[in-house]
Every structure is written in structure tokens, then in C-alpha cells.
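Residue numbers (the working numbering), protein chains in the order written: chain F, 33 to 136; chain X, 33 to 136; chain R, 33 to 136; chain L, 33 to 136.
Derived from the structure by calculation, the hints contain no laboratory data. Treat the hints with care, as some may be off.
If chains are identical, the list can't say which one is meant, so a pair holds when it fits in one copy or spans any two.
Stated by the list, open to error - Below are the SDA-like pairs computed for lysine to any residue, each with C-alpha atoms no more than 20 Å apart in a straight line: (1) 122 <-> 94; (2) 122 <-> 82; (3) 128 <-> 87; (4) 90 <-> 114; (5) 64 <-> 48; (6) 122 <-> 34.
Spelled out from the first residue to the last, the chains are:
Protein chains: 4
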Amino acid sequence: MSMVLLGFSMSPLSNGEGVGKYVARSLEIVDKSGVDYRLNPMGTILEGDWNDVFGVVKQCFERMKKDCNRISCSIKVDYRKGAKGRLHAKVMSVEKRLGKKLRT
Amino acid sequence: MSMVLLGFSMSPLSNGEGVGKYVARSLEIVDKSGVDYRLNPMGTILEGDWNDVFGVVKQCFERMKKDCNRISCSIKVDYRKGAKGRLHAKVMSVEKRLGKKLRT
Amino acid sequence: MSMVLLGFSMSPLSNGEGVGKYVARSLEIVDKSGVDYRLNPMGTILEGDWNDVFGVVKQCFERMKKDCNRISCSIKVDYRKGAKGRLHAKVMSVEKRLGKKLRT
Amino acid sequence: MSMVLLGFSMSPLSNGEGVGKYVARSLEIVDKSGVDYRLNPMGTILEGDWNDVFGVVKQCFERMKKDCNRISCSIKVDYRKGAKGRLHAKVMSVEKRLGKKLRT
Chain F
33 MSMVLLGFSM SPLSNGEGVG KYVARSLEIV DKSGVDYRLN PMGTILEGDW
83 NDVFGVVKQC FERMKKDCNR ISCSIKVDYR KGAKGRLHAK VMSVEKRLGK
133 KLRT
Chain X
33 MSMVLLGFSM SPLSNGEGVG KYVARSLEIV DKSGVDYRLN PMGTILEGDW
83 NDVFGVVKQC FERMKKDCNR ISCSIKVDYR KGAKGRLHAK VMSVEKRLGK
133 KLRT
Chain R
33 MSMVLLGFSM SPLSNGEGVG KYVARSLEIV DKSGVDYRLN PMGTILEGDW
83 NDVFGVVKQC FERMKKDCNR ISCSIKVDYR KGAKGRLHAK VMSVEKRLGK
133 KLRT
Chain L
33 MSMVLLGFSM SPLSNGEGVG KYVARSLEIV DKSGVDYRLN PMGTILEGDW
83 NDVFGVVKQC FERMKKDCNR ISCSIKVDYR KGAKGRLHAK VMSVEKRLGK
133 KLRT
């Protein structure tokens, strides 16, 4: 069991410049997965065990490849031993250090 | 003039596992830059002209290298012709397609 | 079965600025995995089925977390329906278009 | 003056699944730039001063946006104080540690 943060963005290259339809489908999968997440303007961040978060990414991929011939996916993983609840804590920690609210 | 979204995360590899101090300094620079941004648990997203957003990233790097011997920085750029205000619009667009609020 | 290219780089943030020892261990795992790969100055590119290539990344992670308290990992996946042998073909294809050898 | 390694990949999302034509144009710019580089199956790695390497990326972007309405670009920067010639040295260093040739 290894808790990680995993940020990812996944888009077709083959289906034109508007990819919102495909992103929405992925978010439907993410939202129903039971894995905690946050959506931002460039991607989605998951927090959970390595197998669970990569499992969600794979589900999104399997759905997208049904009608997309080329797909690009960027993933970033941040592991810190023993850390949990970082989806909440990291932004607050930066704000606390600076003593002010930031745009989130 | 090319409006882009630029997401980035920048950390020292040389200064131990807790990098919050360095991230906070970067956010101080971002927050004062005048460039619109959103902070998330794995990085910061800027919206602006190519030169302006890369200028902010460079300022963060210049500050960090004063006391960090090794630095890793990931950057992702998303350009869409004629698009503006995507820092606000992209998340709402996904929520609208799905007809529900997502975690942000 | 989905053949993909997967490029990744994985480093500890917690173990000082020289990370060669940890990278070498990962390459030992990659080289013995049976998955086709190419090492470059910033990472390693694997070609294979989704499950196989992500399995190799997970093995590298499991090894690294034995003695690294914080780990950062960037992954990029490029899927193209029906494509194989892209580890060889992509560089040659660019050279062919330009009609000259490039630095590789 | 800050010598860095910069790896990048830049593709249109708006111009269909085959992006070789656009990649080839970028490599023409890279190859003529005078900046040292290595092409690999998923991107190009530049070595040089921060301003020079980001200047090359910007030139590639300016060219691509002439006929691509949506562009995605991933960049990774690795800075290590005082280090040079890493385009050559990093792969050899891993091979030396393992005492064998790897696939490159």
C-alpha cells in the first residue's frame, strides 16, 4: 500500500481541437471511482493507493480508445512516505507559509 | 501575442524531502506577477501571453537556484487559438457537460 | 491489448542531488523486464502493452521506495491504434522527412 | 547563465493523428539553432543556457501555430549547478554503474 498523489491529463490527438467531450467522459469515470480527486483547468489530481489511482487512469484510457485513434496522456506521481490528505493539505500549507489566501 | 495556459511545478532535488519553503517562495513571485493563476495540490497554472508566463517561470527558477543545487521543473503548455479566460471556463465546461458539480 | 509508448523518469527528492545510483537500479529492472526500451539523457522509453509497461514502472517505484522517502515520477504515454515498432520508426521517420541524419 | 537540460515534445491536437510533418519542422529549427540536442522517440532534449533552450522551444511554437489551432507542449527541465556535457554523460554514467551497455 503506497499512498500517492497522481495528476494526469489525457486527450485525443485524432479527434479535432475541441476535446471537452472526451475529458467529460473521463471525469465521469473519476467521479464514480470512489477515489478522492480534484479537477483543475489542466488536469485531474487523484489521491490513493498506487494500484487504485493507476486503475482509474487505465479505465479512462480504455474508454477513450473506443473512439480515439491517437491518445496522449501525461501523468505525474508524487509519493511521500506516510503522507495522507495531501489533496487538502498542500495548498493550505503554502497559504499558511505566506500568511495569505492564494487563488485556487 | 499568444495566450496560453501554462501549468508548472518546480522543486529542488537537493534540499531534502520537504520542499514547501521553496514552493511558497515561487507562489510569492507568481502572486505578485500580475499574471492570472490558480494553485492546485501539484502545481500552479498561469494564463497569459507566452512571454509573460514563461517570464514568471524563469523568475521562480532564478530565485530557487540561489540556494538549490539541483532543480527539476515540469511545464505543460496548452494553446488554443483565440481562447481566453480558460482558467475559469475549462472546469465549468466539464461540469456543464456532466450536469453536476465536481470536486475542484 | 493496447501497444503504447511510455516515457518516464523517476527520482527521489529526499536523497540528495546525485540520483544516479537510483536511476541505475531502475534501469537494471527495465533491462531485465523483457520489455523493449531506449534510455535517453532524461528518461527511459518503453514500448509494449499498457499493463506490461506500467508494470515495469511500478517495479521501479517499489524498489525505489525501499530507501527513498519522497519520489517524483513523470510519465508520458503515446497510444496510436495499430502502431508497433515505434521505438525504431519514429526517429527514422523524422530523418526521412528532412532528408538528413539528426543527432540521436 | 544557467546550463540546463530541457526535454520537450510539442504536437498539434487540431490537425489529425499523424503529426510527423509538424515534428519534422520543429526538428529543422532545432537542428539549425546551434543548440546541442538529441532526438528520441518521444521528444527532443536540448542542452544549453536557460534563455537559449527556451528560445528554441518558442521558435518551434511560433512556427507550429501558423497552421495549428491547438497545440500541446510538455517540457521538463533538469538543472544541476556547474554541470555540463550531460547530453553525453548521463547515459554513460548509468551504463558504467551497471557495467554493461544499455539500449539507447
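Taking the numbered hints from earlier one at a time, note which ones the structure violates and give those numbers from smallest to largest. Checked against the structure, the hints that fail are numbers 1, 3 and 5, while the rest are satisfied.
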